[in-house]
Amino acid sequence: MIGKVNFVVALSCEAKPIISHFNLRKRDSTLFKVYSNQDHSIRLIISGIGSSASLKATKHLASVSKDDTSTTAWLNIGIGGHKDLPLATAILAQRIVDSKTKQSWFPQLVFDPPCLTASVKTVEKPDFNYPDDNVVEMEASGFYSAAESYSTREIIHCMKIISDNSQSLSRPPLTETMVDELVNRNLSSIKELVRKLQVLSMEEEERTSDPPFLQECLSLWHFTVTQTHQLKSLLRKWLLLQPGKNVLDVLLPNCKDSRNVIQTLDLHLKNTPVWMDHD
Amino acid sequence: MIETIYIESEIRSHPRTESILSRFSKARIVECERYGEVFNPKKQNFRLQKKKPALILARKHGNFILDAPKGFGIGGRKNYYFSHMLNCIYDCRYCFLQGMYRSANYVLFVNYEDFQNEINNIVEQNPDEKEITFFSGYDCDSLALESVTRFVREFLPFFQKHKKAVLELRTKSINVDELLNHEVIPNCVVAYSFTPENISQKLEHGVPPVKKRIQTMKSLAEKGWRVGIRLDPLIYHESYKKNYRKLIQEIFYTISAESIHSVSTGPMRFPEKMFHTIERLYPDERLFAGPLENRNGLTSYSEEIETEMMNFCNTILENHLPKNKLFSCLQSSF
Numbered sequence: 001m002i003g004k005v006n007f008v009v010a011l012s013c014e015a016k017p018i019i020s021h022f023n024l025r026k027r028d029s030t031l032f033k034v035y036s037n038q039d040h041s042i043r044l045i046i047s048g049i050g051s052s053a054s055l056k057a058t059k060h061l062a063s064v065s066k067d068d069t070s071t072t073a074w075l076n077i078g079i080g081g082h083k084d085l086p087l088a089t090a091i092l093a094q095r096i097v098d099s100k101t102k103q104s105w106f107p108q109l110v111f112d113p114p115c116l117t118a119s120v121k122t123v124e125k126p127d128f129n130y131p132d133d134n135v136v137e138m139e140a141s142g143f144y145s146a147a148e149s150y151s152t153r154e155i156i157h158c159m160k161i162i163s164d165n166s167q168s169l170s171r172p173p174l175t176e177t178m179v180d181e182l183v184n185r186n187l188s189s190i191k192e193l194v195r196k197l198q199v200l201s202m203e204e205e206e207r208t209s210d211p212p213f214l215q216e217c218l219s220l221w222h223f224t225v226t227q228t229h230q231l232k233s234l235l236r237k238w239l240l241l242q243p244g245k246n247v248l249d250v251l252l253p254n255c256k257d258s259r260n261v262i263q264t265l266d267l268h269l270k271n272t273p274v275w276m277d278h279d
Numbered sequence: 001m002i003e004t005i006y007i008e009s010e011i012r013s014h015p016r017t018e019s020i021l022s023r024f025s026k027a028r029i030v031e032c033e034r035y036g037e038v039f040n041p042k043k044q045n046f047r048l049q050k051k052k053p054a055l056i057l058a059r060k061h062g063n064f065i066l067d068a069p070k071g072f073g074i075g076g077r078k079n080y081y082f083s084h085m086l087n088c089i090y091d092c093r094y095c096f097l098q099g100m101y102r103s104a105n106y107v108l109f110v111n112y113e114d115f116q117n118e119i120n121n122i123v124e125q126n127p128d129e130k131e132i133t134f135f136s137g138y139d140c141d142s143l144a145l146e147s148v149t150r151f152v153r154e155f156l157p158f159f160q161k162h163k164k165a166v167l168e169l170r171t172k173s174i175n176v177d178e179l180l181n182h183e184v185i186p187n188c189v190v191a192y193s194f195t196p197e198n199i200s201q202k203l204e205h206g207v208p209p210v211k212k213r214i215q216t217m218k219s220l221a222e223k224g225w226r227v228g229i230r231l232d233p234l235i236y237h238e239s240y241k242k243n244y245r246k247l248i249q250e251i252f253y254t255i256s257a258e259s260i261h262s263v264s265t266g267p268m269r270f271p272e273k274m275f276h277t278i279e280r281l282y283p284d285e286r287l288f289a290g291p292l293e294n295r296n297g298l299t300s301y302s303e304e305i306e307t308e309m310m311n312f313c314n315t316i317l318e319n320h321l322p323k324n325k326l327f328s329c330l331q332s333s334f
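As you go down the protein sequences, you meet chains V and F in turn.
With this note's numbering, the residue at position 15 of the first sequence is 15, and numbering never jumps.
With this note's numbering, the residue at position 124 of the second sequence is 124, and numbering never jumps.
If you're looking for bench data, these hints aren't it; they were derived computationally from the structure.
Any given hint could turn out to be false.
With the C-beta cut set under 8 angstroms, the calculated list includes, among others, these residues of chain V facing chain F [as the list claims (entries may be wrong)]:
| hint | residue |
| --- | --- |
| 1 | F106 |
| 2 | K196 |
| 3 | L235 |
| 4 | P253 |
| 5 | W275 |
Derived coverage of chain F by chain V (criterion: at least 3 residues anywhere in the stretch with Cβ under 8 angstroms from a Cβ of chain V; other residues may be distant) [as the list claims (entries may be wrong)]:
| hint | region |
| --- | --- |
| 6 | 7-13 |
| 7 | 39-45 |
| 8 | 230-243 |
Not everything, but these chain V residues come out facing chain F in the computed CB check (under 7 angstroms) [what the hints assert, rightly or not]:
| hint | residue |
| --- | --- |
| 9 | R95 |
| 10 | S145 |
| 11 | E148 |
| 12 | T152 |
| 13 | E216 |
| 14 | L220 |
| 15 | K237 |
| 16 | V250 |
| 17 | M276 |
Bear in mind that the values here come from a model prediction, so they are computed numbers and not experimental data.
All C-beta atoms in this analysis are idealised placements derived from N, C-alpha and C, irrespective of residue type, glycine included.
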């Protein structure tokens, strides 16, 4: 089992170092450019600029990720401005506020962040005034509101790299090469963050995975949707109470149909003593 | 320890907030408007958040004191509970909190005075009652986070002045310096929850060992504090008789029966929906693979198992204590 991470990035120049490091290949370029690695455990979409574009791209990436996205980690990487954080500093969002709707999101930091954390404000148009302590950028709120439809707040994060501050306003505009370089300089933090998110994603995959023998049972008997839920629950209990034993040894000689399977399993488990460890 | 503290903007300058922040100078501070923005959203994972829970400082706006659920009591006619905090630093697999809240973050309500005013009002509204019990460890452990909350430090003097109000501090914590350094007040019961050591090791993650809890109870009892024993929930397993007998004997071998205010026993019960939430969070937990069934909207052991376990424990307890100190908590609602 391997944890899955979906990147949502606004610009090609922001994505380039990530694509290169994780050996991603272009898979689709109809609506958005979508990249992934060989086993599709890491995917990346280029959203274009703005909260709305980021929202649409996140939804698109979820729709093209054919597997279950509820255990996938989501990561928005991009550049942003701050009044006094040094250029090239990476921050992980601890709060995201949408400047238009005033809605807030609070990504849950259940691991040691690989970089500083800060509050992030998503604005509609480029804004080089930094009246407060927020990192100002243009995608996070759209990304977060969409990603939240698929995963939970512990595995949805935004990393922003400072590209502008109040001291840098007089310098020439940012070029693609400069943006590429800003992301490149923070690749070690991005890699560390990806590793941590992969671990969490993998834990969630393990927690939600089908119990052993489910596919065998489904291929041998016909189960309704409700019965399939009951079967999953009973097979999980089987794994805990009869570890190492093949459930089919009990079911095959006794069961003609799915009802028999559920009744037999239920009865068998009810008659199994519950030994807690160290009893 | 706590690395992130969310604070409602409204209480940013509250003295209790400032005092807590002064003890967490390295914490990440994140302001929010209402604690529900952080605590209540659907898309949260209690199990993942338990890895590194944050502290949320908030103001409670009402419902400070609530009627205790039916069947919850230690002898008094009038029973209430209050929660200055939501969630617990321990991680007990049988705890209903993991199914009650979407977030494992600790919410601390800093407006203690509002809780105290409401307790005061209830006492004044019931002049004929000799005793009114207020349970404090329902949605949290009363003592475990004392170094942060100073809850005991602030509430003992209040109850010292309100002698008709009985405070139950329900806990598994051995962090009792505040009590040991305080003058004993007779209207406070320090109630310790136990499961047998082998079950505790398996299910009560982060909780001090049973032996240490018993020793702590002993120190409190020797100082003069009234102590309670809570065998709630009773956990069914193959050798439960041997294990509960051993636990009860160990407690009464260490602590004199005269020091014990009350013992309560209670079955493990969850509202069905809550149980499914918890089961989904911990599908690898053998506790939930046990002989549980759905009865009247609750998931519990069968009536037969519940009765057998309660009777078994109460029979042993009756060897040590008069019946009027034994209580059964048959909670049917949450």
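Consistency of the hints with the structure:
Interface restraint check for F106 (chain V): the shortest CB-CB distance to chain F comes to about 5 angstroms, inside 8 angstroms, so the restraint holds. Hint on K196 (chain V) is violated. Least Cβ distance to chain F is approximately 11 angstroms, over the 8 angstroms limit. A hinted interface residue such as L235 (chain V) counts as satisfied when its beta carbon comes closer than 8 angstroms to some beta carbon of chain F; here the least separation is about 10 angstroms, so the hint is violated. Interface hint at P253 (chain V): violated, since its Cβ lies 23 angstroms from the closest Cβ of chain F, which is beyond the 8 angstroms cut-off.
The interface hint given for W275 (chain V) is met, as the beta carbon of that residue sits about 5 angstroms from the closest beta carbon of chain F, less than 8 angstroms. Counting residues of the region 7-13 of chain F whose beta carbon lies closer than 8 angstroms to any beta carbon of chain V gives 0, which falls below the threshold of three, so the coverage claim is violated. Figure legend: the region 39-45 of chain F, annotated as covered by chain V; annotation consistent (4 residues with Cβ-Cβ distances under 8 angstroms, at least 3 required). Evaluation of the coverage hint for the region 230-243 of chain F: fulfilled, as 6 residues show C-beta separations to chain V shorter than 8 angstroms, against a requirement of three.
Hint on R95 (chain V) holds. Least Cβ distance to chain F is approximately 5 angstroms, under the 7 angstroms limit. A distance limit of 7 angstroms between C-beta atoms decides the matter here; for S145 (chain V) the minimum to chain F is near 10 angstroms, and the interface restraint is violated. The interface hint given for E148 (chain V) is met, as the beta carbon of that residue sits about 5 angstroms from the closest beta carbon of chain F, less than 7 angstroms. With 7 angstroms as the threshold, the beta carbon of T152 (chain V) comes within range of chain F, its nearest partner Cβ sitting at about 4 angstroms, so the hint holds.
Taking 7 angstroms as the C-beta contact cut-off toward chain F, the hint placing E216 (chain V) at the interface is violated, the least distance being around 19 angstroms. Taking 7 angstroms as the C-beta cut-off, the interface hint given for L220 (chain V) is violated, the closest approach to chain F being about 23 angstroms. The restraint placing K237 (chain V) at the interface with chain F holds, with a minimum CB-CB distance near 4 angstroms, inside the 7 angstroms limit. The interface hint given for V250 (chain V) is broken, as the beta carbon of that residue sits about 16 angstroms from the closest beta carbon of chain F, more than 7 angstroms.
Taking 7 angstroms as the C-beta contact cut-off toward chain F, the hint placing M276 (chain V) at the interface holds, the least distance being around 5 angstroms.
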